[in-house]
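*Asks:* Spelled out from the first residue to the last, the chains are:
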Amino acid sequence: MFSWLKKKKSATIAKDRLTIAIMSDRNNETYPFLDELKREIIQVVKKYIGVKAIEIKKETEGELESLSIDVQLESAS
Amino acid sequence: MGIIIAVISGKGGVGKTTVTANLGLGIAMNGKKVAVVDFDIGQRNLDMVLGLENRVVYDIVQVMDGEATLKQALIKSKANDSLSFLAASQTKDKSVLDSLRVKNLLMELKEEFDYVILDAPAGIESGYEHTIEFADAALIVVNPEVSSIRDSDRAIGILDSKSQKVKEGEEVAKFLVINRIVAEMVQSGEMLRSDDILEILSIELLGKIPEDKGVVDASNQGKPIILNEKSKAGQAYKRIAGRITGHNIKMEDVESNTTSFFTKMKGIFK
Chain C
1 MFSWLKKKKS ATIAKDRLTI AIMSDRNNET YPFLDELKRE IIQVVKKYIG VKAIEIKKET
61 EGELESLSID VQLESAS
Chain E
1001 MGIIIAVISG KGGVGKTTVT ANLGLGIAMN GKKVAVVDFD IGQRNLDMVL GLENRVVYDI
1061 VQVMDGEATL KQALIKSKAN DSLSFLAASQ TKDKSVLDSL RVKNLLMELK EEFDYVILDA
1121 PAGIESGYEH TIEFADAALI VVNPEVSSIR DSDRAIGILD SKSQKVKEGE EVAKFLVINR
1181 IVAEMVQSGE MLRSDDILEI LSIELLGKIP EDKGVVDASN QGKPIILNEK SKAGQAYKRI
1241 AGRITGHNIK MEDVESNTTS FFTKMKGIFK
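Chains as they are written, first to last, in the working numbering: chain C, 1 to 77; chain E, 1001 to 1270.
Keep in mind that the hints were calculated from the coordinates and are not lab data.
Note that the structure is a prediction, hence the values are computed from the model and not measured.
Hints are supplied without guarantee of correctness; some may be wrong.
With a cut-off of at most 25 angstroms between alpha-carbon atoms, the simulated PhoX-like pairs for lysine-lysine come out as follows [unchecked claim]:
1) 58/C - 1094/E
2) 1174/E - 15/C
3) 1174/E - 57/C
4) 1174/E - 1092/E
5) 1094/E - 38/C
6) 58/C - 1092/E
7) 58/C - 1167/E
8) 1167/E - 57/C
9) 1223/E - 1071/E
10) 1162/E - 38/C
11) 1032/E - 38/C
12) 15/C - 1011/E
13) 1167/E - 1032/E
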């Protein structure tokens, strides 16, 4: 009865929502192998020095993609 | 040397197994030697859709474990001599897959068959990565529906990062299959158009399959719908199988209600 009130067809709404959702998925998405990478880096660093935690972030600046790897060492005490 | 095609999706339940069964049979009907392999370990569905569940003796894990030879485990389809089938294991879970064993199995299959088609687990499940790792091409199956499309983009992302071909600097071919299109809903604006889906995912279209009640009926009997010449979905599968085997087949418009004279008229004035 109120169908004439609907301004946008639902397929159009779906397209708009999907476009935004996928764009943000693609930008934010960490790599699927990130956990594995983390584990391996910890193993390597641990050979030399104690590691408390490690954080890896994917950063995008324009065309340039980089990984920032933050290694927190165990305190000496 | 054959080619390996993985049939993948983001979420489950979009019709991957049905697509695998029908395209496997369709390619075999084009005179090629085809093996369809159920990689959805622990679930085992492809045997039912193909109507071969009573003939399974050995499964994929037993072949990988060396308990059976590939020859012993492959089952010939009743519908077409050129089609063989390798069953998933029901008892094991997906963790039994590892790169080397999957690679060895696939290389052996590649020697024997023109096309090796893998029914993959959904993209979010474990085991998905191993199914796509050595594939030459991937068919991404989506439904015209938001969750399926969004998840498929993630599955494509994993494909791009895990594929052996990509790691070697080559490209893994990717094609989209849109399944379960309801023409009336597309026409009334309640379902995404294929053009919109292609624009969102930006990959090449291989085929569009209309929603068809006959698919359930076909699965009930273990006779893939491609065997039913009158069925709309069956015809769509035939066209896709033709494209895969290198025939140039025009994309059919399954999104307009072709039976309606008025829709045709509207099309003219668009």
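*Asks:* Against each hint, give a clear statement of whether it holds in the structure.
*Replies:* Each hint tested on the structure:
Distance restraint check for residue 58/C and residue 1094/E: the Cα-Cα separation of roughly 29 angstroms exceeds the 25 angstroms cut-off, and the hinted pair is therefore not satisfied. A distance of roughly 22 angstroms separates the Cα atoms of residue 1174/E and residue 15/C; the hinted pair therefore holds under the 25 angstroms criterion. Taking the CA atoms of residue 1174/E and residue 57/C, the gap is about 28 angstroms. The hint is violated against a cut of 25 angstroms. Pair hint residue 1174/E plus residue 1092/E does not hold up; C-alpha atoms about 30 angstroms apart against a cutoff of 25 angstroms.
Using a Cα cut-off of 25 angstroms, the hinted pair residue 1094/E and residue 38/C holds, with the two alpha carbons roughly 23 angstroms apart. At most 25 angstroms may separate the alpha-carbon atoms for a hinted pair to count; residue 58/C and residue 1092/E exceed this at roughly 36 angstroms. Restraint check: the Cα-Cα separation between residue 58/C and residue 1167/E comes to about 19 angstroms, which is no more than 25 angstroms; the hinted pair holds. Our distance criterion of 25 angstroms between C-alpha atoms is met by residue 1167/E and residue 57/C, whose separation comes to about 22 angstroms.
Between residue 1223/E and residue 1071/E the alpha-carbon distance is near 24 angstroms, which keeps this suggested pair within the 25 angstroms criterion. Distance hint between residue 1162/E and residue 38/C is fulfilled; the C-alpha atoms sit about 17 angstroms from each other, no more than 25 angstroms. Among the hinted pairs, residue 1032/E with residue 38/C is inconsistent with the structure: their alpha-carbon atoms are about 45 angstroms apart, more than 25 angstroms. Proximity of residue 15/C to residue 1011/E is assessed by CA-CA distance (about 18 angstroms); at most 25 angstroms being required, the pair is judged to hold.
Of the pairs offered as hints, the one joining residue 1167/E and residue 1032/E is violated, with about 29 angstroms between alpha carbons and a cut-off of 25 angstroms exceeded.
Checked against the numbered hints given earlier, the structure breaks hints 1, 3, 4, 6, 11 and 13 and satisfies all the rest.
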